[in-house]
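J.: Construct the entire structure; sequences and hints are all you get.
Chains as they are written, first to last, in the numbering used here: chain L, 1 to 109; chain B, 1 to 109; chain H, 1 to 109; chain P, 1 to 109; chain C, 1 to 109; chain F, 1 to 109; chain D, 1 to 109; chain R, 1 to 109; chain A, 1 to 109; chain Y, 1 to 109.
Just so you know, these hints were derived from the structure itself, not from any lab.
Straight-line alpha carbon distances no greater than 20 Å define the calculated PhoX-like cross-link-like pairs of lysine-lysine that follow:
no.	chain 1	residue 1	chain 2	residue 2
1	Y	80	Y	39
2	A	80	A	59
3	P	59	P	39
4	B	80	H	78
5	F	78	F	49
6	A	49	B	39
7	R	80	Y	78
8	D	49	D	80
9	D	21	D	78
10	P	80	H	80
11	F	49	P	78
12	H	80	P	49
13	B	59	A	49
14	D	80	F	80
If you anchor each label on the Cβ, the simulated ranges turn out as follows:
no.	chain 1	residue 1	chain 2	residue 2	range
15	D	70	F	17	49 to 59 Å
16	F	17	D	93	37 to 47 Å
17	A	16	L	32	50 to 60 Å
18	R	41	F	59	24 to 34 Å
19	Y	8	F	32	38 to 48 Å
20	R	21	L	32	47 to 57 Å
21	A	29	B	28	33 to 43 Å
Which residues of chain P face chain H? A few of them, derived with a C-beta cut under 8 Å, are:
no.	residue
22	28
23	47
24	87
25	88
It should be emphasised that the depicted structure is a prediction, and the values quoted were computed from it without experimental measurement. The beta-carbon is built from N, C-alpha and C at its ideal position, and this holds for glycine as well.
There are 10 protein chains.
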Amino acid sequence: MLWHVEIVVRIPHDAGPEEIKALSAAEVERAKTLQREGKWLHIWRIAGKWANISVFNVKDGAELHEILALLPLYPYMKIKVTPLCIHPASIENERTVELQELAADRSVF
Amino acid sequence: MLWHVEIVVRIPHDAGPEEIKALSAAEVERAKTLQREGKWLHIWRIAGKWANISVFNVKDGAELHEILALLPLYPYMKIKVTPLCIHPASIENERTVELQELAADRSVF
Amino acid sequence: MLWHVEIVVRIPHDAGPEEIKALSAAEVERAKTLQREGKWLHIWRIAGKWANISVFNVKDGAELHEILALLPLYPYMKIKVTPLCIHPASIENERTVELQELAADRSVF
Amino acid sequence: MLWHVEIVVRIPHDAGPEEIKALSAAEVERAKTLQREGKWLHIWRIAGKWANISVFNVKDGAELHEILALLPLYPYMKIKVTPLCIHPASIENERTVELQELAADRSVF
Amino acid sequence: MLWHVEIVVRIPHDAGPEEIKALSAAEVERAKTLQREGKWLHIWRIAGKWANISVFNVKDGAELHEILALLPLYPYMKIKVTPLCIHPASIENERTVELQELAADRSVF
Amino acid sequence: MLWHVEIVVRIPHDAGPEEIKALSAAEVERAKTLQREGKWLHIWRIAGKWANISVFNVKDGAELHEILALLPLYPYMKIKVTPLCIHPASIENERTVELQELAADRSVF
Amino acid sequence: MLWHVEIVVRIPHDAGPEEIKALSAAEVERAKTLQREGKWLHIWRIAGKWANISVFNVKDGAELHEILALLPLYPYMKIKVTPLCIHPASIENERTVELQELAADRSVF
Amino acid sequence: MLWHVEIVVRIPHDAGPEEIKALSAAEVERAKTLQREGKWLHIWRIAGKWANISVFNVKDGAELHEILALLPLYPYMKIKVTPLCIHPASIENERTVELQELAADRSVF
Amino acid sequence: MLWHVEIVVRIPHDAGPEEIKALSAAEVERAKTLQREGKWLHIWRIAGKWANISVFNVKDGAELHEILALLPLYPYMKIKVTPLCIHPASIENERTVELQELAADRSVF
Amino acid sequence: MLWHVEIVVRIPHDAGPEEIKALSAAEVERAKTLQREGKWLHIWRIAGKWANISVFNVKDGAELHEILALLPLYPYMKIKVTPLCIHPASIENERTVELQELAADRSVF
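T.: Given below as structure tokens:
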């Protein structure tokens, strides 16, 4: 199922800048891996903040917790989780079907 | 640019149910049209609420306002707008490129 | 998965008392049915409020939304959903195993 | 009587990690003991947070306070207590009776 | 056990003044009865508000709920319940003992 | 006049435990003295918090401030003051009269 | 003693304008009377709001409540009471003495 | 024009007590000077807090800012500014006129 | 001096649409007049809301209040006033000088 | 497009004053440069706070983020971004036209 997650990062002003830099780099790598695995569907930065809005696609709260709690910057994150479901006005399904047909067409060749 | 929009719908208890029903149906139609035009990228329902989280792709605040203010249920909406930008950890671009190649491949045939 | 749901009921003072009474009765029936089906695990009243704290056991946000949105008093509810997962300090599993053994023992006879 | 307790743990970033680790381990042990004694009925983790939602079954506010104030991580906890009572829609009693009958049946043999 | 209860009364401006007057009178009577029964230990008005701060002495959350939910003005009340316990700095016990000795002395005659 | 005072104590995690212990002991002594002087009428602990709810009986805001500002733990207190007055539903006066008669009766002997 | 009182007036949009007008006029008269009696020391309007900030000089919370609860617009007021006391940096006393000397001088003639 | 200013002082617990003492003394001196200059009309302490409510009489926001930003304890202050204007129910003008007549009378002699 | 004013308009759902339309039209006219008079320097709409952020240039709080309280939609406005002053980093003065020189140059011809 | 940005600066009390001074000076220089480039249209100080209200004119959220995140005091800023659009009551366009005509006239010579 889909999860809306808002993450605000707050670094204490007396934290070591080198450590934060290293954690941030590890964070980016971890985020990319999870995106490639299809667990982390979207990540957008909020303009003007050290914060992001993300959408995760994971089985349940336990899997979501495991992913979030292992993020390198987790100790500095303020996290707000909102469970999502299909909206009756969404055409996401239509689009997925089109995309699958597109991919299917191509695989023919 | 991308916009994160959270919309909560609050119907006064003495509103006419027929009118609300008609407005809701019109709302769904309008949302689908805007999705097909590529303006309304995502719409998800928040589980347990008459509310949705959406992502719009429109030029600026003026275009966003025009779209929102003309939604059939607008008078009953509480709207929170958050401007988004590309996150350095996002692989959305990679994926878009893949998709474009996919589409390009296909159009060859 | 498990969901923590806090429900506060707010009846507008000019709502018809007969209608509210009928909805409340229907609400109790629906809650009992869902408990018997194993979807609604716990329901406790908050002392001093027309409110309850509940735990649901449903597959995902979509199923939770469907259940909540069909409750008779839903239009008058303020709902807060919190996704749960197993706590590392919980002995719920131990207890479940004991209970299953208990039931297994009995079914022998 | 039953008590709903929400506990959020907040560790200052300059606390010693060894001390926190030791306190966390002691916390888990204490929680298990209290569950086995029937004082701590339920403990669930909130997905995405270092936090739990618990239900305690203790005589009064004094006993509850004594238990909470002696938890190893208490100095780092933000605690919200909500008193509960039986909900008229609950079938917990029915279930308890069934369970007791089940246990009674078994003890015959 | 003791309960701290803050009650704010909010009358909708279009409620019938006669009905509110009657409910208020009934409320005063009920409060006096509960005080005489020793359930409602203290009631003070908050200066400048239609609100009171009270201390109840009842067995548990269920008894507290039953009392509050039957107050004549309950539908118009916003109630905040806080469970209390003996404070280590309190001399209430000393005073109670003195008072009991006083009463005991007197009953001799 | 009567004053409702809610006091939450917040100790910074890097404060010296010996100093806090000493201040706490001094606090208890000061609270008992003020209770015996009739200035501090009630003090109850809030279950689950390092916090108390108190009622003071002092002449005016100046006297209240002087008492609070001299409490040993004052620098760590978050204080909320609410002015009280007699509630029309209170029978405190009746009780005081009874108590005075009781004391008067006794003093006869 | 002195009391800081912030009063915000909120008129429901469907209240009768004639009644509000009459209450407002009565309110002004009452405020002037209380100022002349020395009970209502200061009243200032908050720029941009139907609201005022006032300072009252009354004996205790009971007298303050009685005055506020009898104001003609009281049912539409949101009131916040803050108890004041002499500030150690204030020269109000010096000024009062000067004023009294001034008045004393004059009364000689 | 008149300005309502609420100032709460918050000293970090690890600030040097000597420095704070010196700043506090300087603060009192500065406040008295500004009162004598007629810029700082009133200063009252809020009972139970290290906080004051003040009224300033300065030309505009720039002058107010300059005064506040130069207060010795400014770095530790949380400041809330509210612009005031004459209230239609105020008799301050009447009183000023009386006072001026009083002073005028006296200056005759 | 300059004032930052945030205005949110909230129309009750049962207000007459004709009356609101007429008030809105009058509001626009009044806003334009005040802009031409140089009192209302800027007005921007907040994207996604019936709300605006404005900057006024008026002498004091009294003039600001008079302007705001006479706006046609005032009874439906929630207004937040923030006093402004010159920022040390602003080059507004430089620009004004350039503009004046520009105008001066032109007036030569 | 236009963006309303409210920036509050909060310096931890144990930050080095020299470093803050240097950052503040760099901040002023950066702000002036951005104003001259036409990106930072307005900057006003909020009276009584270390805070400013600004209006930026930049293409999208990405450009806004880049500008804000590179401000020297950014690590100490709390930033609130609000997207703006043209208000139907604004005469800004009229004024721009006049100004352009003024400039055009002048360029003739």
